[in-house]
Amino acid sequence: MDFRLSDDQQFFKEQVFQTLRRLAAPEAESIDNNDIFRARLFEELGHLGYYGIRYPAETGGKGAYCVTFTILAEELAKNTRRKPERYYH
Amino acid sequence: MDFALTEEQEFFKKMVTETVDRMVVPKAREIDEKDEFPWELWREFGKLGYLGLRYPEEIGGMNADPVTAMIFYEQIARGSVGFAQSVIMNILMGTYFIYRFGTEEIKKRCLYPAMKAEKVATMCFTEDQSGSDLSATKTRAVKDGNEWVINGTKMWITNGHLAHMATVLATTDPNLGPKGLNFFLVEKGTPGFTPGQILDKLGCRGTVTGELVLDNVRIPEENLLGAEINKGVEYLGEILDEVRVMTGAMALGIAQAAYDEGLEYARKRVAFGKPIGSYQLIRAKFADMATEMEASRLMVYYGAWRIKEKLSSRKEAAMAKMIATETCVKVVDEVTRIWGANGFAREYNPQRHFRDARFLLYGGGTQEIIKDFLGRMIIGKS
Numbered sequence: 001m002d003f004r005l006s007d008d009q010q011f012f013k014e015q016v017f018q019t020l021r022r023l024a025a026p027e028a029e030s031i032d033n034n035d036i037f038r039a040r041l042f043e044e045l046g047h048l049g050y051y052g053i054r055y056p057a058e059t060g061g062k063g064a065y066c067v068t069f070t071i072l073a074e075e076l077a078k079n080t081r082r083k084p085e086r087y088y089h
Numbered sequence: 090m091d092f093a094l095t096e097e098q099e100f101f102k103k104m105v106t107e108t109v110d111r112m113v114v115p116k117a118r119e120i121d122e123k124d125e126f127p128w129e130l131w132r133e134f135g136k137l138g139y140l141g142l143r144y145p146e147e148i149g150g151m152n153a154d155p156v157t158a159m160i161f162y163e164q165i166a167r168g169s170v171g172f173a174q175s176v177i178m179n180i181l182m183g184t185y186f187i188y189r190f191g192t193e194e195i196k197k198r199c200l201y202p203a204m205k206a207e208k209v210a211t212m213c214f215t216e217d218q219s220g221s222d223l224s225a226t227k228t229r230a231v232k233d234g235n236e237w238v239i240n241g242t243k244m245w246i247t248n249g250h251l252a253h254m255a256t257v258l259a260t261t262d263p264n265l266g267p268k269g270l271n272f273f274l275v276e277k278g279t280p281g282f283t284p285g286q287i288l289d290k291l292g293c294r295g296t297v298t299g300e301l302v303l304d305n306v307r308i309p310e311e312n313l314l315g316a317e318i319n320k321g322v323e324y325l326g327e328i329l330d331e332v333r334v335m336t337g338a339m340a341l342g343i344a345q346a347a348y349d350e351g352l353e354y355a356r357k358r359v360a361f362g363k364p365i366g367s368y369q370l371i372r373a374k375f376a377d378m379a380t381e382m383e384a385s386r387l388m389v390y391y392g393a394w395r396i397k398e399k400l401s402s403r404k405e406a407a408m409a410k411m412i413a414t415e416t417c418v419k420v421v422d423e424v425t426r427i428w429g430a431n432g433f434a435r436e437y438n439p440q441r442h443f444r445d446a447r448f449l450l451y452g453g454g455t456q457e458i459i460k461d462f463l464g465r466m467i468i469g470k471s
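Protein chains in written order, with my numbering: chain V, 1 to 89; chain E, 90 to 471.
Isolated chain E, as found in the complex (with noise of 0.2 Å):
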């Protein structure tokens, strides 16, 4: 039993901890309150290399084991969420597909460039009723010739507008539920595809969230994210232990961002000639956050590394996400307290995190239905 990082680990936690702090923090407040995209910082981030973290060597990218990446998933959420978002975006779900399954044509034209910075991607999974419930996804992919012919409208899609390219979910045959269910590339200005209504949200601003709209939008055969037809559900296993890991990273880099205020603030603030983090009730504050968001780090980083070592990790994953979640959606509460009325005021940060954890709470399966999920992996099916 090791929970030790690797030598080369904890360097690259230094080296990224350093980044987010110069580079992300100082912008954090802006991003939030002007809710634009950051193109500054991401052209930054694409050079430094980070949005090739999980890809090989051989193709540009920096090679991070499960573990490394949620290091950089949790330290680039302390900094900023809603750049998190759209970072992670790039990193992850919005390329997946096109590394495992895209032509060597498709990955010149979308994967390098994502790695790079020089183009978004997205992911398109929900529409307006579907999200954690995926069989019930209406868009509909018809075969014509050598060509797939999509219909269909997404929502709340990560970096939607900006995306150059979308994997996007759709079924062959709504009647065959999850086994109908495919991924296809999508790239801008495919005629049909058409951004909607862009989302004007609580938390998690400066990435735009938005509507794609799928007008007989024509793509050619070799779209079809896949080996074979109907397996997408399948495909989507792939990352969904890491997808959810990846939440409760976020989450842990959330919560430290709103405990280290939370600390400064309870050491400084004098209340009846003493400090407040000398008064229990703040100390026992304290000591809960603690505690919760150090078990929740164990879980992230446990469930992170029986996806690297390839050990079951389905159950891990879930718990993982909602311990991180429920822990991070406590602590921003309890630093809001701690901040007193100064908590409530925009002109500080506690308020950011209080509204961006909420997030969390949706984002990579609702916690409902991953509670719902796991009771039914530990009870069995009734």
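Isolated chain V, as found in the complex (with noise of 0.2 Å):
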């Protein structure tokens, strides 16, 4: 039983953070207003590998099924909210 992340998937959690952060969060509150899809946003995603994650790395993916998917799939919904924030703990 071991409840940790592993490095990998802590160093992941992170990058993914920063990046939606840096990228998703300033453009959230306009993309709620004006119900538009950012194209550029998504494309954006898509060069960081985003996409691709669940696949095997032989064809361009990440190999990373399925709680690094998880870290993603949360990280995405929490930081393209309008205000992003670490969860408490």
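None of these hints come from the bench; they were simulated from the model. Please note that the accuracy of each hint is not assured.
What the hints assert, rightly or not - Derived BS3-like pairs (lysine-lysine); straight-line CA-CA distance at most 25 Å:
1. E:268 - E:320
2. E:196 - E:320
3. V:13 - E:404
4. E:399 - V:13
5. E:419 - E:357
6. E:404 - V:78
7. E:116 - E:103
8. E:103 - E:205
9. E:227 - E:268
Using the hints, put the two standalone chains together into the complex.
Encoded structure:
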């Protein structure tokens, strides 16, 4: 039994948090107000390799299934809100 | 991240589950109805070594880590929570301070026999006007030469009238509040140490719970269980989280016992030509119960794992106790509804689980105190 994130997972979590805070959070309010799909933001996340995260490295993905994928899902939902904040613990 | 039990823990779980199914489950109803301490079962658990669960192998214990200990607490409570309370008192609260601070002589006289079920142990915290609020403890210890003289009355003492040894919480000075608290070892037969009223309880029957009176009880200096005086609260902190997570584990055990009864009934009982489990309202109950029990189980074992890894666990232990207990109270309620009027009949088990679950709302600190404590930890003191 080990509830800890691995070093890689921890690093990834921090990286996603920083990235989204920089790229997505400033646009969050305008996305909500204007209800517009931000193609550039979508592409930028693609460049970071987030869309291939669940697929094997041989196919250009990260082979990160399924805890790492869950980290991405949580961070995406959290940090594309109006105000990015760390969870309290 | 790895949620799996180790091979050793899996093996232990299988062994304990079988032991509880074979030895405790068939006796649970009788223990509850007669409200008598099951001495025979007690001795058998002693022979199997379970009463030394947490202590090192060198002194005859099982050396179980906190996660393994939770497996035991959960399973034994699934069998009979009355019996579980008595056993866990010997394993954890009733012996910890003796193990930690007792002289070798004291350990020989008290700890080692308690680990073999030859002696019964208890811890005396609660009084008629204080329980979760320990700083209101009135029982007083005064030094007289090389002896301590203790006066006070303890209430709600698990194993109280049967106990050969009691770890008694007393203050050296009521004005010091929590900073005046200490633990003292008082043994059965010490002049002035007498049993009072036995409580007639709604649930957790079979464990004797009652009052213990200390009237000018004189004990030797070495019976102060602590390296330093007035550090009782600090020492209590060493097992507080474990006690809270353990209460959560007991809640899981009761919830599981009730849930299993509910599941069997929902599949068998027919209404309007179909098993009641085929109706959406009953299915929804199982979806909720199973989910909440799984969430509680994760938090209980997460708390235990943090204690094992020596990570901070105060918040997680309180959360585990809170969610598991509330889930338990909800599950036992739902199961009596699933059983319909039969859930109200003394003839069947659901009513026993319904009664037993209530105690966990108060044991190990009331839910209200735990919630207030958690809220303060999260928001900060004002």
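- Item | Numbered hints the structure breaks, given as an ascending list | none
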